[in-house]
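A.B. asks: Chain residues, written in single-letter form:
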Amino acid sequence: MALIDLANPTRFLRFTERVLPWLIAATAIVLATGLYLAWNAPDDYQQGATVKIMFIHVPSAWLAMGIWAVMSLSALGTLVWRHPLADVAARAAMPIGAAFTLICLVTGALWGRPTWGTYWVWDARLTSVLVLFLMYLGLLALWSAVDEPSRAGRLAAILTLVGAVNLPIIKFSVDWWNTLHQPASVVRLGGAAIHPTILTPLLTMAAAFFLLFVTLHLAAMRNEILRRRVRTMRLRQASAA
Amino acid sequence: MSALLGRDFKLALRTGGGALMGVLFFLVLIALLPFAVGPDLPLLKRIGPAMLWLGALLASLLTLDRLFAADHDDGALDLMLMARTPLELSVIAKALAHWITSALPLVVATPLLGLMLNIEPAVSLHVALTLLAGTPALTLIGVIGAALSVTLRRGGLLLPILVLPLSVPVLIFGVAAATTPGEFGAPFLILLALSLVSLAAAPFAAAAALRQGME
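Quick mapping for you: the protein sequence lines, in order, are chains E and H.
Residue numbering for the first sequence follows UniProt numbering, beginning at 1 and increasing consecutively.
Residue numbering for the second sequence follows UniProt numbering, beginning at 1 and increasing consecutively.
The reader is advised that the hints may include incorrect statements.
Stated by the list, open to error - Cβ-to-Cβ under 7 Å is the rule here; a few derived chain E residues that face chain H:
#: 1; residue: ARG11
#: 2; residue: LEU130
#: 3; residue: VAL131
#: 4; residue: LEU134
#: 5; residue: MET135
#: 6; residue: ILE158
#: 7; residue: PRO168
Claimed, not checked - Only part of the chain E face toward chain H is listed, based on derived beta-carbon distances under 10 Å:
#: 8; residue: GLY77
#: 9; residue: LEU126
#: 10; residue: SER128
No lab work stands behind these hints: they were computed from the structure.
From the three backbone atoms N, C-alpha and C, an ideal C-beta is built for every residue, glycine too.
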């Protein structure tokens, strides 16, 4: 089956119905492995056990930015190729992205308290992630302000692309602005600067979070398609009556 | 395009809205500041440039929601969509008219307000210069927001939520250029770059939003 076949919502529903159970199982297995590895990872010599917050915090931070990138691709799909499922994908990703951003902010605050002695500082990385969260909320607000889904999708797509300009700013904010947050240490020139005993569980957790996102996203897309069908049926019913 | 520019210009000046309202709002905001933080002159001097920037940002938001909404109400926007002039150019003309009538008066008023906030003349000249360089970016980002929210009910409420997060970089580099002594050059150039980039991108985004919104 070619990828283009999935453009048909009915085929998409049938395909995801078959794939989702496997995805759920894979997510559960990788997440369990990741949690086990993270549990047995050595404590940091300075931070003690609090360093384990990282295994939640860092993957959700990656997803917070990654989901905006996914939505930007969907936005291109909506505006350029008029792909019928692109705005469904964008709409389904939005609340998930906002949730991961919130998780990142909250775990970051909880981690900051014992290590930095404060829940919140106006530091570059923290502030820019907060701005990202606000952008997610603005996008959701824009979507809920428009009645018709396909028009909402196109307007939201434009805003998503404009907002994508901020992604590199968030990525490089730790290098540009005054900061308490540590600079990039996993994805950087010259390889990761983390010992394998920490890096392996971290990457496993990242894989688990990624699978979790794919699962949630596909499920949310199914819901969105069904919701739109219900809406169309209601409209037809109303116009017939 | 020049006709559109002239028309918006006249409308802004004669209807008693735009031009003066922005400056007045700016003045009120700056007048409220000493009530909020106390009339402590050294403190005001320290936070003054940042407050001027914040005031300019909020004042430029004030008139944005009417930018396309008025044209939408009286049907002029439909004519602009159908006209032979590319919509992108019309958007630039409207943005320019908005910038001249609402942002430029702020820049002119800045040294005077700087005086009230106990900012040294040289520093407030710096602030005015950074505002001159940065407000085009603010206006253009705002135009995107205005175009997105034009056909929505209560779009005026949505507008600041959409626009303000996007204007964070402009604010960062604007305040950096205005406040750090001896480090004027680099942030100022970035500020100019931000304005140029938004000039290159915003008209297309705004025109696309208008087309999608009006369908």
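A.B. asks: Closer than 7 Å between Cβ atoms is the bar; does MET135 (chain E) clear it against chain H? Give me holds or violated.
C.D. replies: holds (5 Å)
A.B. asks: Classify the hint on ILE158 (chain E) as holds or violated, based on whether any CB of chain H lies nearer than 7 Å to its CB.
C.D. replies: holds (5 Å)
A.B. asks: Is the interface hint satisfied for PRO168 (chain E)? The criterion is a beta-carbon contact with chain H at less than 7 Å.
C.D. replies: Violated, because the Cβ-Cβ distance from PRO168 (chain E) to chain H comes to roughly 10 Å (cut-off 7 Å).
A.B. asks: Answer holds if the nearest beta-carbon of chain H is closer than 7 Å to that of LEU134 (chain E); otherwise answer violated.
C.D. replies: Holds. Min distance 5 Å.
A.B. asks: Please verify that hint: GLY77 (chain E), Cβ, nearest Cβ of chain H, below 10 Å or not.
C.D. replies: Not OK, violated: GLY77 (chain E) not within 10 Å of chain H, min 15 Å.
A.B. asks: With a cut-off of 7 Å on the beta carbons, see whether VAL131 (chain E) makes it to chain H.
C.D. replies: holds (5 Å)
A.B. asks: Once the shortest beta carbon distance from LEU130 (chain E) to chain H is found, is it less than 7 Å?
C.D. replies: violated (9 Å)
A.B. asks: Let's test the interface hint: is any C-beta of chain H closer than 10 Å to that of LEU126 (chain E)?
C.D. replies: violated (13 Å)
A.B. asks: Per the CB criterion, is ARG11 (chain E) less than 7 Å away from chain H?
C.D. replies: violated (27 Å)
A.B. asks: Was the hint right that SER128 (chain E) lines chain H, CB cutoff 10 Å?
C.D. replies: holds (8 Å)
Violated hints for the displayed structure, listed by number in ascending order: 1, 2, 7, 8, 9.
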